[in-house]
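**Student:** Take these sequences, add in the hints, and give me the full structure.
Okay, here's what each chain looks like letter by letter:
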Amino acid sequence: MNDATPAPAAPAAPVFLRGIWRENPVLIHMLGLCPALAVTNTVANSLAMGIATFFVLCGSSFLVSLLKRFIPHEIRISTYILIIATFVTVADMSLAAFTPGLHKALGAYIALIVVNCMILGRQEAFASKQSVGRSMLDAVGTGFGFIIALVMMGAVREVLGSGTFLGFSVFGDNFEPWVVMVLPPGGFLTLGFWLLGLSWWTERKKQRAAAEGGAS
Amino acid sequence: MAELLWILLSAMVVNNFTLYYFLGLCPFMGVSGRVGTAIRMGAANIFVLVITSTCAWFLNTFVLEHAPYLRVISFIVVIASLVQIVEMAVKKLSPVLFRQLGIFLPLITTNCAILGLAIFQTNRGYGFLEGLAFAIGAGLGLTLALILMASIREDAETADVPGIAKGTAMVLIVAGSLSLAFMGFAGLLSSA
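So the protein lines, in turn, are chains A and B.
Quick note, the working numbering runs 39 ahead of the 1-based positions in the first sequence.
Quick note, the working numbering runs 913 ahead of the 1-based positions in the second sequence.
Derived from the structure by calculation, the hints contain no laboratory data.
Where hints are given, some of them may not hold.
Said to hold, decoys possible - With a Cα cut of at most 30 Å, we get these calculated DSS-like pairs of lysine-lysine: (1) B/Lys1079 / A/Lys107; (2) B/Lys1079 / A/Lys244; (3) A/Lys168 / A/Lys107; (4) B/Lys1004 / A/Lys168; (5) A/Lys245 / B/Lys1004.
In this text the structure is predicted, and so the values were computed from the model without any measurement.
**Tutor:** In structure tokens, the structure reads:
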């Protein structure tokens, strides 16, 4: 949770690190909002969604960067979407086979990973131009960033909305859950307040830096 | 007939696509700055949604019966090619409209509302007419949410919003309040 990333020794490090926090897909770029708001009513759902998306993103980045020489420029977007849809089908069926409960809770939103702008964005902006290794680093970094953002959302919504964290009671029996937090409005409000908090923090840091710069 | 109307109404307000299912958020955040643009974006969405619903029904009835595991892939391919055609038609017929919708017209393909409609329709086992009612209701609901958001944002431009809340944070909190207001429509479900 600290954006003071250490100075990279190799140029590979920023590719990996920037997606995690400084260019977080959800919190900074506002990509993939649909799953980030829809299924984050518990931490478990958020994690499952994050991991499924992570898998799809890494798989498609790998294939796209591997096949970039063979994909004609004119139909590249359709090709990316096909590749992504294939991985989504794999994720969908694996979830249904291994964790039917989670599959039911996430519902149609697993299939909707296909239209997560974040994944298509990484293919178009990065994997289609870079080597396989770099693309994988980028995909893993962005995927982790996505998981972190989803869990941040899920933690707030589950703790306030059900009084539990991963199913364990947090506040004891006397806590009256804020039911609205696990309902759709809670999604919008939670992300709104996270963004408020983050921009307040950035602003404060900027002011401190300015004050220090002025003093010295 | 009553049932069709019910599907339409429920997709439009009770389970509004944007405010309840979080579908179609990209245009909701992106082009909801002006009411005029919001209406045109909504209209484009209704059009594509109706096409999608027809396609999904056709695929479900005649093709996917034998290969249900190809559902996601075939939906996305058919929808993407159709949107491409619509995009070319709009570019040719109304360059002004094309310029105003800008980047978001091609993005209708990766608009979750479109694929979401196809998948919801399949999961609920809607027939052809039910699917059409669902598509029109969903499209109207999206347009309604876009217009509401755009009018609020037009007013908010002159309001004294604290610096840190400007932009997306404010839009999200406003959307949260709208969503809260739309929850009131859930009463329709129990009283009907």
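**Student:** Hint by hint, say whether it matches the structure.
**Tutor:** Evaluation of the provided hints:
no.	hint	result
1	B/Lys1079 / A/Lys107	violated (40 Å)
2	B/Lys1079 / A/Lys244	holds (18 Å)
3	A/Lys168 / A/Lys107	holds (7 Å)
4	B/Lys1004 / A/Lys168	holds (29 Å)
5	A/Lys245 / B/Lys1004	violated (44 Å)
When held up to the earlier numbered hints, the structure conflicts with 1, 5 and fits the remainder.
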